[in-house]
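Residue numbers (the numbering used here), protein chains in the order written: chain A, 1 to 328; chain B, 329 to 656; chain C, 657 to 994; chain D, 995 to 1332.
Worth flagging that the hints you see were computed from the coordinates, not collected in a lab.
For clarity, every value in this text was computed on a predicted model and none was experimentally measured.
Check each hint, because a few of them may be wrong.
Subject to a maximum C-alpha distance of 25 Å in a straight line, what follows is the list of computed DSS-like cross-link-like pairs (lysine-lysine) [said to hold, decoys possible]:
1. D:K1000 - C:K920
2. B:K609 - B:K594
3. D:K1258 - C:K953
4. D:K1224 - D:K1000
5. D:K1291 - C:K953
6. C:K919 - C:K862
7. D:K1288 - C:K953
8. D:K1291 - B:K472
9. D:K1288 - D:K1231
10. D:K1258 - C:K950
11. B:K594 - A:K199
To give a feel for the contact side, a few chain A residues facing chain D, derived at Cβ under 10 Å [to be verified]:
12. V36
13. M39
14. E47
15. G97
16. G155
17. N184
18. G186
19. G264
20. P276
21. L296
22. V297
23. K318
Here are some of the chain C residues that sit facing chain D, going by a computed Cβ distance under 10 Å [said to hold, decoys possible]:
24. F707
25. T720
26. H798
27. V907
28. Y931
29. D963
All C-beta atoms in this analysis are idealised placements derived from N, C-alpha and C, irrespective of residue type, glycine included.
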Amino acid sequence: MLPTESQRIWMYRNMLISRYMEERIETIYMEGKKPVFNMANGPIPGEMHLSNGQEPCAVGVCAHLEAEDIVTATHRPHHIAVAKGVNLKKMMAEIFGKKTGLSGGRGGHMHLFDSTVNFACSGIIAQGMGPAVGAALSRKLQNKSGVAVAYIGEGAANQGAFHETLNLASVWNLPVIFVIEDNNWGISVSKSASTAVAKNSVRAASYNMPGIHIEDNCPDVIFSETKKAIERARNGGGPSLIEIKTSRLAGHFMGDAEGYRPKGEKEQLIKEDPLPIYRQKLIDANIITIDNDSALVEETQKLVEQAITFARESEYAKPEEAMLHVFA
Amino acid sequence: MLPTESQRIWMYRNMLISRYMEERIETIYMEGKKPVFNMANGPIPGEMHLSNGQEPCAVGVCAHLEAEDIVTATHRPHHIAVAKGVNLKKMMAEIFGKKTGLSGGRGGHMHLFDSTVNFACSGIIAQGMGPAVGAALSRKLQNKSGVAVAYIGEGAANQGAFHETLNLASVWNLPVIFVIEDNNWGISVSKSASTAVAKNSVRAASYNMPGIHIEDNCPDVIFSETKKAIERARNGGGPSLIEIKTSRLAGHFMGDAEGYRPKGEKEQLIKEDPLPIYRQKLIDANIITIDNDSALVEETQKLVEQAITFARESEYAKPEEAMLHVFA
Amino acid sequence: MSATKKLTIARAMAESLAQEMRADPKVFVMGEDIAQLGGVFGNTRGLFDEFGGERVRDTPISETAFIGAGVGAAMDGMRPVVELMFVDFFGVCFDAIYNMMAKNIYFSGGNSHVPMVIMASTGAGYSDGGQHSQCLYGTFAHLPGMKVVAPSNAYDAKGLMTAAIRDNSPVIYLFHKGLQGMGWLGNEPAAINQVPEENYVLEIGKAKTAVEGADISIISIGIGVHHALKAALELEKKNISVEVIDLRSLVPLDREHIIASVKKTGRLLVVDEDYHSFGVSGEIIASVTEHDHKILKTPPCRITFPDIPIPFTRPMEQWALPSTEKIINVCVTMMENK
Amino acid sequence: MSATKKLTIARAMAESLAQEMRADPKVFVMGEDIAQLGGVFGNTRGLFDEFGGERVRDTPISETAFIGAGVGAAMDGMRPVVELMFVDFFGVCFDAIYNMMAKNIYFSGGNSHVPMVIMASTGAGYSDGGQHSQCLYGTFAHLPGMKVVAPSNAYDAKGLMTAAIRDNSPVIYLFHKGLQGMGWLGNEPAAINQVPEENYVLEIGKAKTAVEGADISIISIGIGVHHALKAALELEKKNISVEVIDLRSLVPLDREHIIASVKKTGRLLVVDEDYHSFGVSGEIIASVTEHDHKILKTPPCRITFPDIPIPFTRPMEQWALPSTEKIINVCVTMMENK
Ligand SMILES: Cc1ncc(C[n+]2csc(CCOP(=O)(O)OP(=O)(O)O)c2C)c(N)n1
Ligand SMILES: Cc1ncc(C[n+]2csc(CCOP(=O)(O)OP(=O)(O)O)c2C)c(N)n1
Ligand SMILES: [Mg+2]
Ligand SMILES: [Mg+2]
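So here's chain A without its partners, still in its complex pose (with noise of 0.2 Å):
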């Protein structure tokens, strides 16, 4: 079933939200950080990995859900963050350390958690897995609504706990989706050179459940396909694995040489950018014209700057408070 014209607005204008915010960290991330790279360096240090190409995955997805509805993101969250309705301000000002992060500044881009909208990141690949599992029983032995959607990459699947989950929620028919954004790389080792099988859908026939491989980098095709597993769930069907091709536009993390990709695969990519492509097709399809496309434009970028500004006039919190929140 294709999305309604709303959904599609929806989803392109989340796609604006976090393509905007990655190319706008981007930036950021490199104040204090030239000439000399130095990762300490700057007002958002650390490892940062951005989501740009990876949008539809996001969104595509979480048409679908609700704030009840649980997500566990990867080291690579951003877009999936913006899809789930995470509050950009406090997102934005956790990326920069502040005390008006989402946790204050303790966790940083790879741990965001937005308890008012269910949803989660790490560090760890693999480990959301676990989570969205035990979210999912939650909903059931509680008999309450609400569907876990897991995200991984497609080198998580090579992971001992994508097995292990698979079965477990399979086993105990939980609502539970398995997302792998399929970018081809695991850093700088192909998914060919990783993994035992062309498409990582047919390994949900290991655990008796359903295996979606989605060709195409498109938000309404993800939504079409997706439906069906989220529904499915949300009816006690149990747990789908849907796997979708997608592009890792930029380096595994930022200061990535990316000496590792083939000559060309780079500008293809860029090429095949989903997210002009997804406006192109709005517009010939009359949902958007190019007048409010620049509108929306202009709004959710004013929306991102909105969440920098906030974040950047916000203060850190006193060092010592390091101290606190490590117990409940």
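Got chain A; can you put chains B, C and D with the ligands on it based on the hints?
Coordinates of chains B, C and D with the ligands only, in the frame set by chain A:
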């Protein structure tokens, strides 16, 4: 391909050794543990996992192996150790914890290491899979012959290591065979309660390797069905997954009340005991006679008794030798 | 005060669980063989019959999955009690424990809670070999974000379990097999004591003076407390007056209690079944001496498991384990050391 | 003496590896991103080009599998050097490490060897958050059967790597990101020093006196040694003479060296970036005081990472980390304490 006559006798003979050994261990284990059952007491203390009923899995596969081939077994290792040619005396002495044991008593029945026949086992579920893959890699890197066989139970097929090692073995095209002894139980938890698929052999598809399901707890069938996989590995064709339906005639460990078994299961399993069935098969095929069966039984029992006597009569190492062999 | 009855630690744990499950529908239990079997070590006995398979769930042998699931369920408002059958198995699932369960409260800035209990058996002494006999107290206590408790008797076992379940932070609950009162793992009669029928909470982080004394403070936890108590009786005959402190909890560690005792006695002996180096014994000695090394009349001592894998064979294993005899000998030597 | 050149730790590690791979066909390297990329932290740079993909193998993100495979290869006669990219990831594969790699020699009664090296990056200071900044020295050092080394400079890095590769026992080789000389993780110029071109071995288990002094012994490892050396210079101006001991190895721990130094100075300060409790600092203090607490003129001190997850934000993280300033302050206080 059917085993030759001498191969069949070899298999039967090793089944006899293994079974008799388990029966004797069962008795000896209870020495000092009556009237009060306390694991710490008696000549064989600690946990004891017997393999009665699973002998066909050991002999059917190991009949294809040489001393140079590597086997890693589980917490239930005796039948496989016997079939792999582990020195019976040293093994028994190890089970008794004596200085003359494989490791001077440091390991015990779950940690039997015999490097002369490349056998090892361990107490953590699925732990032996990685080493089997590594040994296979070692042979490949050294251009040396030899295949590796990793045994696991069906319960272990839900452990993350299963997934990771099968994938790695396939990606690197290594000469390793994974053998699942499916006795339907992981302690008190049945396969159907723990496993999302009816046959673990289907999981081979996740790793682009052959998955072989063997329904018959019969040495001949296992021999024939596994032959191709082992030859394939020897010839550089890569790994395979083999699943064998077998039966655990005893409890999970000694002291297990087995209250979780459905009514009648145990009786049924005993009816299907592969040892008398195979004996009859060999008699029917005129491979053994009742007479030379008796001789074989006697001879193998003598071997086991000699091992037991050796173990009993051996000294314990000095307690302070506990400090030796932490490092090489 | 409610009626009491004599319970083993296993039964005390199960009783606390049952009472909490009755009182709070959010409490549930999962792990290997904890349903129909009642737990390999008996600590979930009866729960499956009373609460059924939804709330008392046998799991596949997939510790990473079900412990990770515990974290997700806890963060979603449930109160999972998850069994890791032997603490030795932590290696297959420690990421979910130390890097997630223990840190998610912090990573969320306190906005999420992780009310989760992991219970795991510890301990050697019955020849179960090097992968089924460890204590690993130091391993868990070293890493931030988890409370770590270990009862030495049924009364404490029940109160600590109730406290752990009600805690909004993750708690590692380590029970020593030798104290479970399961018979087939031996028995320590002193671990079986009077337990109130009504539920109650023992504050996590408070040590207890098990026996008062004037000459030497023996600090221990779990089964070591019993070795020490037996030694105390023998030492009394030699006119050595020993004070035995049962830590009950390693995180938080009740340093005040330890220091107060050592101030009084001037002598410190730590008894710990965990590995010798970089663990519990070192921390306790350091905590006392960094406070004031001059309160010590003699060098601090420790009786621990040496830095070797745990050998299977009885003579080696028993030789390596802390024991009442070793405690007596060390105490006598400490008193001779002027 | 052969020619020397100035190297970073990253290059010193890679040089040792290359030389050992040239000399011994049994040495091979595997891990994530260690082939074409040369390792995220540069320590395998050049190896893929020289030795090719058979001996320099990128792995899937399957640490349990490839570390387990390392054990199997090592027991079959190879000498695998396996990278765990960040030590923080040990939680997904620790069983293969602590329960198998570390114990198989023992379980085999010494009949099998496990000549395997695991190299892993450690350390905080550049805002990488709580799952990418840990040291975990105590975690590895606590459990028997593995040697644990951590170089503070390129010279030691090469000699320790060569020793680790040639050792028939498993060695955990922990390198601090802040010392790698990678630029993008900052730089510690003093870690970049003269390294002989020819290969050589530094005996594992021997500490080194980095600077001699009379008043206070500072015991540290890895990056803490550099904090201490800088503090020593400042303290000299205050007429406080500090002795800095670079442990270089935690297992075996060179207790004699530590004790000899403290005997001389009478004051002990441990600087450790790992978590405070139940770890390295406690063990060192305990080792000294159980030897003889009376050699101390003042209570022993430690500067460590507090028992909290490592916060991302710079102010909190820097506040929590050991530093030169903290060392100076503690040393001054120690000298005032009469
Ligand atoms: C258990 C574990 N191993 C290794 C890493 C280091 N690491 C971080 S991201 C990454 C690659 C992940 O690839 P993929 O899952 O495809 O996600 P992507 O980066 O492409 O989004 C690796 C190896 C980690 N964080 N956790
Ligand atoms: C990682 C781990 N988890 C749990 C256990 C406890 N345990 C020992 S044997 C066993 C059941 C194993 O079942 P299966 O793999 O089918 O082997 P079987 O006992 O049937 O031979 C369990 C859960 C363990 N040893 N290791
Ligand atoms: Mg990827
Ligand atoms: Mg089984």
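- Item | Proposed proximity, K950 (chain C) with K1258 (chain D) (alpha carbon, max 25 Å) | Holds - the C-alpha atoms of K950 (chain C) and K1258 (chain D) are around 18 Å apart, at most 25 Å.
- Per the CB criterion, is V36 (chain A) less than 10 Å away from chain D? Holds, about 7 Å.
- Message: Please check whether N184 (chain A) passes as an interface residue: C-beta within 10 Å of a C-beta belonging to chain D.
- Response: violated (14 Å)
- Message: Hint G155 (chain A) vs chain D: min CB-CB distance below 10 Å?
- Response: G155 (chain A) check passes; min Cβ-Cβ to chain D is 5 Å, inside 10 Å.
- Task: Grab the minimum C-beta distance from Y931 (chain C) to chain D and call the hint holds if it beats 10 Å, violated otherwise.
- Result: holds (6 Å)
- Task: Mind checking the alpha carbons of K1291 (chain D) and K472 (chain B) for me, to see if they're no more than 25 Å apart?
- Result: Given that 25 Å is the threshold and the Cα spacing comes to 62 Å, the pair is violated.
- Item | Agreement of hint G97 (chain A) with chain D interface, Cβ distance less than 10 Å | holds (3 Å)
- Task: So, T720 (chain C) near chain D? Judge it on the closest CB pair being under 10 Å.
- Result: holds (8 Å)
- Message: Please verify whether K1000 (chain D) and K920 (chain C) have alpha carbons no more than 25 Å apart.
- Response: violated (56 Å)
- Per the CB criterion, is F707 (chain C) less than 10 Å away from chain D? violated (31 Å)
- Task: Have a go at the K318 (chain A) hint: is there a Cβ in chain D nearer than 10 Å to its own Cβ?
- Result: OK, holds: K318 (chain A) within 10 Å of chain D, min 8 Å.
- Interface hint outcome for P276 (chain A) [beta carbon to chain D under 10 Å]: Hint on P276 (chain A): violated, closest Cβ of chain D at ~31 Å, above 10 Å.
When held up to the earlier numbered hints, the structure conflicts with 1, 8, 9, 11, 17, 19, 20, 21, 22 and 24 and fits the remainder.
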